[in-house]
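**Student:** From the two separate chains plus the hints, produce the assembled complex.
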Amino acid sequence: MTPGATPPRPPRWAKGLLERITAPHLLEELEGDLEELFHRRVREYSPRKACLLYLLDLLLLLHPRLWRRKPTAHPPTPLFRMTLLRNYLTVALRTLARHKLYSAIKIGGFAAGIAACLLIALYIRQELGYDQHYAQGDRVYRLLRRSALRGEAGVGVHFPAPLAGTLRAEYPALEKVGHYNAAFETKDIQIRRSDRPESLHEEGFVHVNQEWVDILELPFVAGNPREALTQPRTLVITQRKAEKYFPGEDPIGKVFIFNDDPQRQYRVTGVIRDFPATSHVQYDFLMSLAGKEFWPGEQTNWRTSNYISYIRVRRGTDIAQLERQLLAIVKKHFLPYVVKNGANAEEIGWLESFRFELQPVKEIYLNRAEVRDDLPHGDLRYIWLFGSVAVFILVIASINFINLSTARSANRAKEVGIRKVIGSRRGSLVRQFLTESLLYSFFSFAVGLLLAILLLPLFNGLVGKSLTFPWRTWWLLPVLVAGAGGVGLLAGLYPAFYLSAFQPIRVLKGHLGRGSKAATTRSVLVVFQFSVSIVLMLGTLVIGRQMHYILNKKVGFDKEQVLLLEGTHTLNEKIVAFRQQMLGLPQVRHVSLSDFLPLAGRKRNNGPMWTQGMADAEKISSQHWNVDHDYLKTMGLKLVQGRDFSAQMPTDSGAVIINQSLAEALQLKTPVGERIFNWRGAWTVIGVVEDFHFESMKEKIQPMGLFLGRSPNTLLLKVQATDMTATLAAVTGVWKQFSPHQPIRYAFLDQQYAAMYADVARTGRIFSSFALLAIVIACLGLFALSAFMVEQRGKEISIRKVLGASPGHLVGLLTLNFVRLVLIAFTLAIPLAWYLMRAWLEDFAYRIPLQWELFALAGLSAVAVALLTIGYQSLKAALANPVDHLKSE
Amino acid sequence: MKGTQLGEFEELVLLTVAFLYDEAYSVAVMEELSRRVARPMVLGVVHRTMQRLEEKGLVTSRFGEATAERGGRRKRLFTVTAAGERALQEARRIRNELWGGIPAAAFKGGVA
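Note that the protein sequences, when read in sequence, are chains R and L. Quick note: the first sequence uses our numbering, first residue 751, plus one each step. Quick note: the second sequence uses our numbering, first residue 1422, plus one each step.
The following block holds chain L by itself, in its conformation from the complex (with noise of 0.2 Å):
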């Protein structure tokens, strides 16, 4: 596999941030996280896992607007970059691959 190795839960976080685009910030992470994983989610693990995306380089941030909501103080969004896209491509083929291959009996339920 090339590229940087991506955890689970950080493929999920990744995953959210290019689904929230433009509008990827720490607490819209994990309000959405939350709604679709059955595990709560708590705003540190949230921001550390952020933090690392970002210092792999599958993440850039900016700062964006205050609100008056958050006292005043900016939000830091985060948008997926090529190197962050071009893994989740891989992921995602492994995954699918492995999917594909899967013979009718393995699972009661059917291959969907």
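Here chain R stands alone, though its shape is the one from the complex (with noise of 0.2 Å):
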């Protein structure tokens, strides 16, 4: 603004304001006008008053008519103008059609992904919808009590018979108290119609109240839903059940007569629709406790604890003060009882230390297993670990999708150049490339939809469910779609802005390099596929060998042959006579009566056991189980001290046999001759068994005692047979001949053993599949780039030949990178696999150690299997004749 060699000019500042804020088609002639008053006003006063001026006027032109845009001959172009996007398309199509290897390779690994990705929502979906449909549901809760005893703290959920009408009674905040019982008469029994003869066995027997059909709300479609259970003996089906014993019939009124005795009938007074697979229970068939008493005086004992109890609060009830008071049931009728029927100090102090809490009944069955309720129970860290492996194979499968985009930028670049040079605004290009990838988000959202339904039965196999797609919900195909969108604008961002700068002068001139920082984008890439695979790889290995181990370690008794017949207490009497004719037959070698078996979930008998002067404190606790003579030698258990029951001993019905664990627990040098207690007497130790397993290897091997007793539901078939099915021939002859109206029941003890560790092999299964399908797209990945990478230095690889290098050093050259980025994928995956497979394996008591083999197993699988990948292109490269790539030059 000072006069001197540079002529007056108007303040710069506000003539870029000017330009800023006036409308175009008013610009020019307004800053020509106030230039040319600037200028005359130089002349006639001074530049500082010419300025001050300019700016006045400045001012008093703001006005909205100054920046009111014209309204425009041709509009600006729309979000989606149709001609420009049917041209985005075409060229998208094109591009496809062009190039079907890499085309395929994106889809494909994208759709892989997808698949998964859809599979494992479902899953989730249904895990986490357990219990959802009860209308009054966030009143329902299930009773636990938490106790310490000896330091250790439980959980519970089995309570006394007469706690749910004291409840009802002396709480008026408890609109409604259910409970039920599946410990006594729910196992082993075969049911018929009372007007026929064949006896079928069942399971999914309950004993229930009418309060706890009413808590849970179950839908009948027969019967009276209010009266159903109110008197004794009768008996409520479910739909299923109603269909394969009454087809066509109306099942009410009719009876059942159990386990052939007409003295247990029950008769039917309702049908209720099958409990749904999101029911955290499933039973078939509910019988009514009334009247019913399961040993004399049974209603009425604080002491024992079989019945599972559920509560319907009143709305507005405050939760924690309902547990707080509940505990006043502890002092009013636990301790009385328990005093009066002779408790000691230790009883007493469990029974104070009782903690009372409501569980929301949406939370059942997501509740990690602590407690022991005999019910199937989700894992709340398997839904975790799901959903993280399908994100993570999305991300994959992404990182796929944008890395063959940037790599194969050098064919667009020209086509971005020429576009720039016509007109087009980096904002067009940016669009034009995000077109492109939702078209492919879209393809690879349909193929993946396709295979995910293709895939459905498999994988339901795989995790055990049936999951069905919700095709009903109106919420699916709009969810998918914004998926599709979403996922294809996310991927497709970073090649879009990648491609779309590229400057058109320098690519017309042929400088295509912009390599070398979209070039360590994709090694992180490929890095990041890689360490996610190889951890995959590892849990794969791991589980398999801990399986392996699991299946393979020494149990202690002989599994092999070992034939299991249920329902033998059917035969009462006549089952001296069977063994009899069993042993008879040939391929037989021993045979046992006993239901105690090494197998989850079978019978268990669960107390204390001391020696003189223990105190009671430090009583064992320990598993009494009633076995016969034959037992030890049936199940090929090992003495390591002492001898086996003997017929010829009539002393030995005050005789037990204890295990190792017992014996050390016992503190018992020479543990034969010794006298033991428990609750039912005195016995005389006669023998020490080597320790064997008998739950599922997560569990530390407890101490146990075996006794002669009688436990007649199933007998044990030791077998020496080459043809088992000739075998089982025989024993079936043999079970008709004595039972003809029962089908025979029977299973192999290994397979029953396998079963127990299912879960464990479908996890290893699941691991396996996921595990290969992450290695196969990041293999895609790495296929599609060193192609490309081979295609790019082409000529390089030709000069080099010429100029005399061996195919093993071109070989060695090319794949080099890679097997780097694959050993630091490695490197970086050992300890987040460690530590997850360190914290899966505390699960189980008896574990294989993480040996660094496994690891290095799973290390030279990934290099082989990318050198594998790169291998075929790089070997071609540099077996080629120079001549094809220089003869353009």
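Here are the computed distance ranges between Cβ atoms for each label pair: (1) R:770 with L:1524: 55 to 65 Å; (2) L:1444 with R:814: 25 to 35 Å; (3) L:1500 with R:814: 19 to 29 Å; (4) L:1460 with R:764: 23 to 33 Å; (5) L:1444 with R:839: 50 to 60 Å.
Over 10 Å on every C-beta distance to chain R, these chain L residues come out as not near it, computed from the model: (6) 1437; (7) 1439; (8) 1442.
The hints are simulated quantities; they were obtained by calculation from the structure and are not laboratory data. These numbers were taken from a predicted model, which means no experiment stands behind them. Each residue gets a CB set at the ideal place from its N, CA and C atoms; glycine is no exception.
**Tutor:** The following block contains the structure:
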């Protein structure tokens, strides 16, 4: 603004402001006018005044008319102009068709990732959706108690029979109190219609009271929901059982006879719909508890706990307060009863440590099975695990997409350059590439959806569920479309911006080398892909090893060729003769009658054992199994001290054979001959058996004692047969003679044993499937990348060859970079995998150690796979005729 | 009155545009008016008025030559359209009629 060598100019900032505010069609004349005035005023007055007046004029120009845009002759390009969009789509489709291999890899990888995600999403949706279908669900709770015994905290779900009635009477806040008993008279039941002679074995029995049915809002299709179970000896069955036993008839009023005993009859008073797949309880036969007493005095006994209780509270009840109020029951009912019937200090201490907790019904399924309620539970950890796996696989597939798009950018560079020269703005180009990636995304989603539908049955088998696509829900299609759009946009953003940034002049001159920055990103992404794949591979290896270990570890008994015959208690006295017949069969070596078996979920009996003079606190909690003389021989158990039960020794009725754990726990140096005690009396130890696994290997071997006793539900046959079919036929024949109206039920011990670890096997299968998928996708990406790189360096390779490089040298050159990436990925994967696997293995009391050779194996496999993928391309390049590339120079 | 309503300032500007025939652009109009009218002229007001006149169809504009004084920018030249001419004539007629009917006694200075 000072006069001098330079002619005075109007203030630049003001000019800038003017330029920015004014509508374009007015700018030129206004700027000119103002400048003209400025110069005149400079001449007339002074530069300073001219400036001031300039500013004043500018200020007074401010008016909406200043910036109101003239309605333009051509409107600006709207977001989706049809012809432009058509062009984008055409170009996209042409690109797709021209590079079929790369397009196939892009779409295929994406589709695979999406299919995996969809399937896992279905699984997670069901797992999280258990017990959501109760109308009053937010007021329904299950009763839990936390207690402490000898310093160990425990959670229990079982309560005494009279609790339900007492709760209802003394706590008005509780609208309804229901309970069920699944412990007594619910196993080994064969039922028949009163008018038919054949009995069938059934499962899914439970004793319930009417209020339990009300609380869980069970939907009735026949019978009176309010009154179905108020009478003694009444029964409610599910629809599928009604179909099975009374097809086409009305089941109400019909009678079932249990175990062929006319004294045990139940009359059908209602039919309910089958329990949905998302219910935490699954039963088929609900028997009324009205007037039922499992043994004399059971219904008023506060010491035995076998009832799982549910309550429905009134609206607005304070749960925490209710939990505290419930404690009064302990003082009022538990303690007096126990004291009256001769309790010891330990039991009283245990009762006094009770804390009640109300568990919302929606949380029962997912709660980790610290609560032993014999119900199937989902595991929140698995949900997290599978969710992460799904996300990772999708990320890997997206990475492929990004890498392939940016890698092949040289092909699109010319197109971008020309478009820019013609007049495309960067925004339009970004939109074009986003459109392309959206196209790919929708394509992949469609293919992925198809894949998911096709693979659903396989997936169901893999995870042991029966999932279906929720076609009926209104939100499915919009969610899928939104998902496709979202993923397409996200994955397409980086390539879009990368590709549209090419400068036309550099492209058209031929300088395409925008390599370096993108190459680093690509490498990072490849490393990430392989890390995830390696972690999954390691997981598979570890789980496989652990399974192998479990199934082949010495269990302490001989599980080969042992046949279990179930339901033998129905033979009653005929069992003796039956045994003789069995022994008569040539293939049968030993026969034993006992339903205490070394399989999870079988009969168990727990109680304290002690030696003379032990204090209450020291008594050992151990198993008490009732077996017969032939049990050890039939099961192949090894005696390390003493002798087996003998029929010649009548005193053996007071004898016990203990296992090594019990001997240790009781601190018996010479166990044989010692006297030990349990609640039934005193016993003489006649032998010590080697510890054997009778629960899943997740548990440590417990102390146990074997007694002579009657437990006749299962007959064990040790066979030595080369032709199992013939043996089975013979056994079945004998069975039919003894029990014509009951089909035989048998199983093999080793199969049952393997079934205990079904969930472990399943996890292993899932891991291996996903590891395979991840590796395949990562390798697809690697394949494409290496093909591209070989293409890029075609000329370089030819020249090197001409100058005398050997094929080996060339291959090394091409593969070295990628192998380095895989090794980096391996290093990153190790700590993560180690941590995860250790956490998983901690579940098992008996487990494999995490050896370094597992890691080495995984690493080598990864490198090998990578080499195989790249190898083909590199080899082809190294062996090619250099003339081909240098011809067009 | 037929035709568009003409404000006082608009009429003045329109007259000046006719007066300056073929040389009428914002700055020239502004200077001419400031010479004749007592109140100070602001470029912005003149400019807005010209815009409004153009929207009403009373003037048309075209781009003229660029000068160095304007920093190489062209000026916008306005000319009165037929409709503008009609509006001016109409306004003049009304005034003349009224002037003609004023009795001698109304103004001390007489009616010229």
